[in-house]
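Whenever a hint applies, use it, and build me the whole structure from the sequences.
2 protein chains.
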Amino acid sequence: MANIRDIARQAGYSPATVSRTLNHSGYVSATAAAKIQAVIAQLDYVPNDIARDLSQGRTANVGVVVPHLNAPFFTEIVNGISGAAFAADYNVVLLQSKYDAALERTYLSQLHRKAFDALIFTSRAIPLTDLVAAQQYGAVVCCEDPGTQPLAAAYSQREAAYLQAFRWLKGQGYQHIALTLSRDASLSATSRATLAAFKRVFGCVPTIVETNVTTYQDGYRVAADLAKTPDLDYIFSNGDDIATGIRQGYLDQHRTAPALMGQENQVSGQLLGLPTIDHHFRQIGAAAFDLAATGRVASVPVTADLLLCR
Amino acid sequence: MANIRDIARQAGYSPATVSRTLNHSGYVSATAAAKIQAVIAQLDYVPNDIARDLSQGRTANVGVVVPHLNAPFFTEIVNGISGAAFAADYNVVLLQSKYDAALERTYLSQLHRKAFDALIFTSRAIPLTDLVAAQQYGAVVCCEDPGTQPLAAAYSQREAAYLQAFRWLKGQGYQHIALTLSRDASLSATSRATLAAFKRVFGCVPTIVETNVTTYQDGYRVAADLAKTPDLDYIFSNGDDIATGIRQGYLDQHRTAPALMGQENQVSGQLLGLPTIDHHFRQIGAAAFDLAATGRVASVPVTADLLLCR
DNA sequence: TTACCGTGTGGAACGCGTTTCATAGCAAGT
DNA sequence: ACTTGCTATGAAACGCGTTCCACACGGTAA
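Respectively, the protein sequence lines represent chains A and B. Position one of the first sequence corresponds to residue 29 (this note's numbering), numbered consecutively onward. Position one of the second sequence corresponds to residue 29 (this note's numbering), numbered consecutively onward.
Among these hints, one or two may not hold up.
The list treats identical chains as interchangeable, and a pair is accepted whether it falls inside one copy or across any two copies.
[As the list claims (entries may be wrong)] For lysine to any residue, the following SDA-like pairs were computed, each having C-alpha atoms within a straight-line distance of at most 20 Å:
1. Lys-227 with Asp-318
2. Lys-198 with Leu-260
3. Lys-126 with Asn-107
4. Lys-63 with Asn-51
5. Lys-126 with Gly-111
6. Lys-126 with Ala-116
7. Lys-126 with Ala-188
8. Lys-126 with Phe-114
9. Lys-227 with Gln-124
10. Lys-198 with Leu-223
11. Lys-63 with His-52
12. Lys-126 with Gln-311
13. Lys-256 with Pro-178
14. Lys-256 with Tyr-278
15. Lys-126 with Arg-211
16. Lys-198 with Ala-287
17. Lys-227 with Tyr-262
18. Lys-256 with Thr-284
19. Lys-256 with Ala-61
20. Lys-256 with Pro-155
No lab work stands behind these hints, which were simulated from the structure alone. In this text, all values refer to a predicted model and were calculated from it rather than measured experimentally.
Next comes the structure, spelled out in structure tokens:
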């Protein structure tokens, strides 16, 4: 495979001139450019990206850490990131974490090793302080409220949305409300925000909380538990698919499910006409990419919408 | 940032010995290894991946071309690929194509430029022959039956599944069947397979074919059309979400939808108890990665399952 | 005419890990 | 004593595009 020196030799110029031609950086005569382009075309030459990356000390790759791609939160955010990345001539490197702390550290070390210029954590198992520390090696962005941590972040303003949702529930007269959460509050800021909002509105902790609920199947499974609770009049779930699973679980026990709220504005929830919360994850992804590419350390909160009629 | 020569100097050895230590490639004394490790730890040194890639002429990146991430076909296949890639210490670079031929060619040229070692096309707008030609620059894998083209491929044996499905429909006595397809048969091998199987079983072209149907919303939309057709007794759709949208479209017109079949084994179809075809896209993704990493040019057909009871 | 500027171009160093090859020390085999 | 055969280690080249710096040439302003 031809390299820049081959082109230079055959065109009768130096590698420097070929490089300038390739990059349109000026100081190349029309004759030189023509000759060089001719040789390039003839030899089917394209510059080697790795060599360019090495000499420029960058890769134009953004790493995106996702636990998995089974939730709309992640697919939508990845969609948002990759749309913006493409527009900026960056590539998106998908990094599966499965919420495994060791894996996530692997990715941080890849940032150190220059495998990518920036790293976006859509979710995480390791503490935020680890992300903060990794910033010395490249831009790091998280997709949650970073609190007081000096870390770039693009995220849904969940608390506000949850407050609004719970106030609406209260206004509707619901009193015995169960929550489903993806991960334990000790691990997940989302779960903490949900619980905090609940407490603020209702003044107490929720009657029933089901954790580790992330799929339709999980929803179906916890329905058995929930159905045992007397007087339950509302289930606030963490996803439309999940809410759908819960409802089906009730049905298969020949029971009618209480009223339900979903999240994420998915097809399944639309089908059932469930109220939901749209967090605009695509937009969050695009914002996260922007932070990653510019290296700005800023907080970009995005307002979530409570959709009561669908 | 420290480099390998800094480590060598401070440890009192040569870069070669440091490199051997890092890669556990032997011929390093215990004392040398200890001293070198100490300096590495002290300086927080990690080797630069770009430099390693350059000297080894590889990146350990696989590019995955996806039109978008809104269909389970793509998210599942990407899941399969990235699971296998992680296990093999490869990174997955997500390449959005939006079925844009120019974009897809951009990615082929990135293969030429060594931005990745291999390229997997989950779907495509450009002709297969372009992929075949690009193999001189690295492994190229497609996710459809490559026919006689000398190209690595991992794909669902759709024809067989569609034949089985249509035979079942015929056995059930359905006669007026509509199909929904994602893209026109001129563009999509999947659509062609669907139509061919239909013709083989029923001996004629289907009554109604709706194309450009890929989402719940599309299904909802085409329901208006479908509802105008008299005597329609079955709708064979190209996705559970789509089938669900169609059904809802009928309901909102105060009509009852004909019997429906979905595909992809999604939550929404499960909810409605629709028959479906499971193409095992995860497994296909894993197989595609394997072909990409080894560079084997082989065909890996995967049997799809017709699920009548869910 | 001298001084200065912009254009065009090349040599060489740079970024950094890997790898080949040569060398040296040392022990086992004959 | 002498060849073999390791182990241990370093110098230098390699992969390849970029970029700094120096130099030459033609033109222009003083």
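Hints, verified against the model:
Within a single copy, Lys-227 and Asp-318 get their C-alpha atoms no closer than 35 Å, and across copies no closer than 50 Å, so neither meets the 20 Å cut-off. For the identical chains of this complex, Lys-198 and Leu-260 are intra-copy neighbours only, at 14 Å inside a copy versus 47 Å across copies, given an alpha-carbon limit of 20 Å. Taking identical chains as interchangeable, the C-alpha atoms of Lys-126 and Asn-107 lie at most 20 Å apart whether they share a chain (19 Å) or sit on different chains (12 Å). In this assembly of identical chains, Lys-63 and Asn-51 lie within 20 Å of each other by CA distance solely inside one copy; the values are 15 Å within and 44 Å between copies.
In this assembly of identical chains, Lys-126 and Gly-111 lie within 20 Å of each other by CA distance solely across copies; the values are 10 Å between and 24 Å within a copy. Proximity of Lys-126 to Ala-116 under the C-alpha cut-off of 20 Å is restricted to the inter-copy arrangement: shortest distance 16 Å between copies versus 28 Å within a copy. Taking the closest pair of Cα atoms, Lys-126 and Ala-188 never come within 20 Å of each other, the shortest separation being 28 Å inside a single copy and 35 Å across copies. For the identical chains of this complex, Lys-126 and Phe-114 are inter-copy neighbours only, at 11 Å across copies versus 25 Å inside a copy, given an alpha-carbon limit of 20 Å.
In the homo-oligomer, the alpha carbons of Lys-227 and Gln-124 never lie at most 20 Å apart, since the shortest distance is 34 Å inside one protomer and 42 Å across protomers. Proximity of Lys-198 to Leu-223 under the C-alpha cut-off of 20 Å is restricted to the intra-copy arrangement: shortest distance 15 Å within a copy versus 53 Å between copies. Taking the shortest alpha-carbon separations for Lys-63 and His-52, only the intra-copy value of 15 Å comes in at or below 20 Å, while the best inter-copy value is 47 Å. In this assembly of identical chains, the alpha carbons of Lys-126 and Gln-311 lie at most 20 Å apart only when taken from different copies (18 Å versus 23 Å within one copy).
In this assembly of identical chains, Lys-256 and Pro-178 lie within 20 Å of each other by CA distance neither inside one copy nor across copies; the values are 45 Å within and 59 Å between. Proximity of Lys-256 to Tyr-278 under the C-alpha cut-off of 20 Å is restricted to the intra-copy arrangement: shortest distance 10 Å within a copy versus 36 Å between copies. For the identical chains of this complex, Lys-126 and Arg-211 are intra-copy neighbours only, at 13 Å inside a copy versus 34 Å across copies, given an alpha-carbon limit of 20 Å. In this homomeric assembly, Lys-198 and Ala-287 come within 20 Å of each other (Cα to Cα) only inside a single copy, at 13 Å, whereas the closest approach across copies is 41 Å.
Proximity of Lys-227 and Tyr-262 under a CA criterion of 20 Å is satisfied intra-copy only: 16 Å inside one chain copy versus 50 Å between copies. In the homo-oligomer, the alpha carbons of Lys-256 and Thr-284 lie at most 20 Å apart inside one protomer (12 Å), although the nearest pairing across protomers, at 35 Å, exceeds that limit. Neither within a single protomer nor between protomers do Lys-256 and Ala-61 lie at most 20 Å apart by alpha-carbon distance, with minima of 78 Å and 63 Å respectively. Taking the closest pair of Cα atoms, Lys-256 and Pro-155 never come within 20 Å of each other, the shortest separation being 36 Å inside a single copy and 57 Å across copies.
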